[in-house]
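Novice: Each chain, written out:
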Amino acid sequence: MEALVISHQKQIGDKMLEGLISGLFKIFTSNMMNIPLIEPLVDYLMQIPLVNLLVALILWRPFFAVIILPGLVGLLIYLLWIVYWERKLTARVQWRVGPIEVARPIRGAIQALADGIRYFFQEAIIHREAHKIYYIQLPILAFIPILLPLLFIPAGNVVGIKTPYGIQLIVAFIALIPLFIVAMGWASHSRFAYIGSLREAFMYFAYEIPFIIAVVAMIYVYGSGDPYVAVEKQNIPGAVLNPLAFIVYIIAMIMATSRLPFEIPEADQEIAFGPFVEYSGILFGLVMTLLYEKLYLMALLFVILFLGGWEGFYVGILGDFCAPLVLFIKTVVVISVLVIVRSVYARYRLDQAIRLGWTSYLTLSIAALILGMFVGVLV
Amino acid sequence: MIRVEKVELNLVESLKRHVEALGEAFKQAIKPDRVTIEYPRERRRYPLSFRGFIIFNSEKCVSCFRCAQICPANAIQMEAHSKPYPSIDYTKCIFCHFCIESCPTGSLNSSKIHDVAFRKMEEMVVSANMMVKLPRILKEEKFTVDVIVKDKYWKLLRKKEMDDLSIPPIKVEVPKKIVTCAEPESCLGCRLCANVCPREAITVKEIEVAKRVVSYVLKVLTEKCVGCGLCVRQCPMNVLKLEVVK
Amino acid sequence: MEYEIKVPVQPPTELQSLFIPIPPEYVEEVYRSEDFLVLVGPQHPGSGHMRLIVRVHGDIIREVIPDPGYVHRCVEKIAENRLYIQNIPLVERPSIMDALNFNLGYVRAIEDALEVEVPKRAKYIRTMLAEICRIGTHLYDAAILAVFLGHTTGFMYPFGIRELICEVLVRITGARFTSSFIIPGGVRRDVDEQTLKFVYETTFAIEKRLKSFERIFIKNPTVIARLKDVGVLTKEEAIKFGVVGPFLRASGVEYDVRKVEPYEAYGELDWDIPVADAGDSYSRFLVRVNEISQSLKIVRQCIKNMPEEKLKDFRGTFFDEFADIVLPQGEFTTLTEASRGTLIYSIVSDGESNVPYRMRMITPGWLYLRGFMESLKGERLADLQAIYGSFGYFPPEADR
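Residue numbers (the numbering used here), protein chains in the order written: chain A, 1 to 379; chain B, 1001 to 1246; chain C, 2001 to 2400.
Rather than coming from a laboratory, the hints here were simulated on the basis of the structure. Any given hint could be a false lead.
[Said to hold, decoys possible] Simulated pairs of lysine to any residue, SDA-like, Cα-Cα distance not exceeding 20 Å: (1) Lys1006/B - Lys2228/C; (2) Lys1016/B - Ile251/A; (3) Lys2211/C - Asp1151/B; (4) Lys1142/B - Glu101/A; (5) Lys1092/B - Gln1077/B; (6) Lys162/A - Cys322/A; (7) Lys1241/B - Val1196/B; (8) Lys2297/C - Asp1151/B; (9) Lys1006/B - Ile2218/C; (10) Lys2235/C - Val2253/C; (11) Lys1155/B - Phe2198/C; (12) Lys2208/C - Ala1029/B; (13) Lys1031/B - Trp85/A; (14) Lys1152/B - Glu2163/C.
One chain only, chain A, in its complex shape (with noise of 0.2 Å):
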């Protein structure tokens, strides 16, 4: 009898389960991606139980755009590319050769994997005179701001969230990293990491508030936060039709990001690389990339404003996978591009780039703001 009840519950609990599946199965597949050039391999994969389900969470769109491209892994190839790119582009600037000797057949192309590993088996040294807790969670925790505007990001038919305040959204969520930023180097307590925090947030005042205006700028020129709307009116490129926000938004970028010239918060001369000082292993390894992640979320949402978005060749085997593809690849151009300006320039005093941030920057954002509406009325 009681077998019979244990049996009973677990025929219960199987068809919760299967109901459960199939469910999910149903979701996914309502709102799958559509590569004509996959398709037969995926076909073969749907005839198989519990596989299909798992190509079908990864086909499913929201899943795609915040997982694979362009989200998690998309961020990865970023990542391996921009370490070794930016080292080889400086290396050429200055006469040199830069990394070559992990894989040399290949010019070190592999170099920034190879520092990656490094970094994951090093020892992470947690000092005496840290706030523990914080110290370790927050290089963890600063991912959920790279995360999260990762969401609304959309790229065609993938997304996350579909929403009418995208590109709000997506800013907000920017903003909060250098809140981060100032937690670990409170956390880390140490002289340099404390000075690198402070500068860390005199520089956040400088640059947010251009660079929001400078998206207000661009909202009014699309009379939208919807990201689709913008790409949609962008026949003319956005960089054209309101160039003053183009230039400030790049500077914001450049400033946000803590490149030079605006290396302040870091300056490895002055304060020994500022909030991250302490951090090491692979620690350090999440710190030192997390700027990489913020300019590419800035990169991405740069090529959604100005540069027309998923916008551009369309090759119809690729189906729905090509405008992350072409997001992704205008993004990272632009990146590649922009990574230039560490050879070129030396770093400005804090007051310097201050000074600079409250008046020319901020007269310019403004003025890109007037241009946007006046801009906004004729389009």
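Knowing the structure of chain A, use the given hints to seat chains B and C on it.
Specialist: Just chains B and C now, with coordinates in the frame of chain A:
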């Protein structure tokens, strides 16, 4: 006199300079003026006047100690072989090559080697028989780089060849000298000169001139003397002198 | 509105254990006021081998007390135990990139004492070598300045160009630096025509490369923003604090030992001294940039006007010629314009021993240290590195 003017930047000038700097960076990024020599995969060719690892020729050495005495870093010690030969302590050597310049017979010579590796600290004291030939070359890619400056342009010329690291010994033209005794009557008979002579070319004999009056006769065997001058520096009375042989 | 904070402030106890060369009362006084002491160095990436005890009021530097001597190597004392000729490699060690100027000053003191006549060709070769070293040192300092400002390209370019300087030196002397090439009565060996031609061509190649450097660093607006009106020394201050060399000329004083008391071949050549009036970090840098082009001019003239003469080769007779130098009794002093300023050598001889009784060597770094410290007053803490770089202060040279 050149007066350096104070720089005043207006907006246009500053923008122009921004563009110039960025333009230079892009120009270099596209067509870099690279100057890297990928040592040890390729080796820069050094001139024959290069001051490197010191090579020793024991046949020419006359054991005159000049190298050891001129060495500013005190890196050269004379070692006992059949004759005293120099050994060089490369922990101390500063490659000033005063020893090579001082060597009257040209038994010390330079080479183009500047990168000798030692396994232990003790090995860095290189004795004379280790210096007679070039150190063993373990691994080297066969590229040699020449620095060429032509038409105001500096470039590196790579050739697939091994550079000869030895430097042909330069013939040293120093007149042969032997030691002579200028004032035999002042000789004390201390025999320091005879003791120091590596060739046993000096003999000091005691002669009784009168009762309880002893004199000394210092004799130099000219065929044995190589003119190292050690005795000259030892003599407390400064009676010995080096003289040029005609 | 300011509020007075009435909290009894205790100076941190670790300051007592750091061996700072200032009285504890001073530390206490600083902490009773609203200031702080910041110890920059000796492990700080932007301090070099010295410690700067900086008294800051907020971000503004009130006073800086230098703590040099971390790389003191007793050059003067060691020199008392070595033969005159053995001191040549020693005196060029304090400033290895400027080796030949240091070498020249010392050798000239010996020549003064012995009243040796130097062949004219040797004089030209010496002048040429000294100027090549001057270019190399100015490039080195420019590179250090660039890296203090965070400009890595500005660091790599001068070091790239310096490679040509080293190539020239290795072809002439056989060593990339510290060549010990100048000896009493001339140079160690003659320079052949082919090498001279190479040096001549190289001066143009350096000029061409400097154009790139100029576009990317010297004229860069961010560099100008960092250096202009920072660390100003007026003409009066510069004279008062005994600043020397290009840093004195940057404050508007036309003083150059090469012009005032020409030595070697400087009197016979046509060249100018660059002078600036501003006295700030940027003009200190620009004066040296202009000096590089003047030095190139001198090198070219030296090669063109090089007299044909056979120089003595000292190979084989080096020991016999120089080991037994004994200077006559007295004190012999020479002034030399090294790259960073006036270099003073003073040799005291007792007239009978073959080692100096006393060798006094006053390096430019030591002379302008006071001016360097004074120019930091009233600047921001972040400018400390910019001013440091603009002076090209080299602790091993100052500490000897």
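Novice: Determine for every hint whether it applies to the structure shown.
Specialist: Hint by hint, here is what the structure shows:
1. For the hint pairing Lys1006/B with Lys2228/C, the CA-to-CA distance comes to about 9 Å; that is within 20 Å, so the pair holds.
2. Under the criterion of a C-alpha separation no larger than 20 Å, the hint pairing Lys1016/B with Ile251/A is consistent with the structure, at around 17 Å.
3. The straight-line distance between the Cα atoms of Lys2211/C and Asp1151/B is roughly 16 Å, inside the 20 Å bound, and the hint therefore holds.
4. For the suggested pair Lys1142/B and Glu101/A, the alpha carbons sit about 18 Å apart, so the restraint of at most 20 Å is met.
5. Of the supplied pair hints, the one linking Lys1092/B and Gln1077/B holds, its CA atoms being roughly 11 Å apart against a limit of 20 Å.
6. A distance of roughly 19 Å separates the Cα atoms of Lys162/A and Cys322/A; the hinted pair therefore holds under the 20 Å criterion.
7. About 15 Å separates the Cα atoms of Lys1241/B and Val1196/B, which keeps this hinted pair within 20 Å; it holds.
8. A hinted pair counts as satisfied when its Cα atoms are at most 20 Å apart, and Lys2297/C with Asp1151/B qualifies at roughly 17 Å.
9. A hinted pair counts as satisfied when its Cα atoms are at most 20 Å apart, and Lys1006/B with Ile2218/C qualifies at roughly 14 Å.
10. Proximity of Lys2235/C to Val2253/C is assessed by CA-CA distance (about 7 Å); at most 20 Å being required, the pair is judged to hold.
11. Pair hint Lys1155/B plus Phe2198/C holds up; C-alpha atoms about 13 Å apart against a cutoff of 20 Å.
12. The straight-line distance between the Cα atoms of Lys2208/C and Ala1029/B is roughly 18 Å, inside the 20 Å bound, and the hint therefore holds.
13. A distance of roughly 16 Å separates the Cα atoms of Lys1031/B and Trp85/A; the hinted pair therefore holds under the 20 Å criterion.
14. For the hint linking Lys1152/B to Glu2163/C, the alpha-carbon distance of about 15 Å falls within 20 Å, and the restraint holds.
In this structure, every one of the numbered hints holds.
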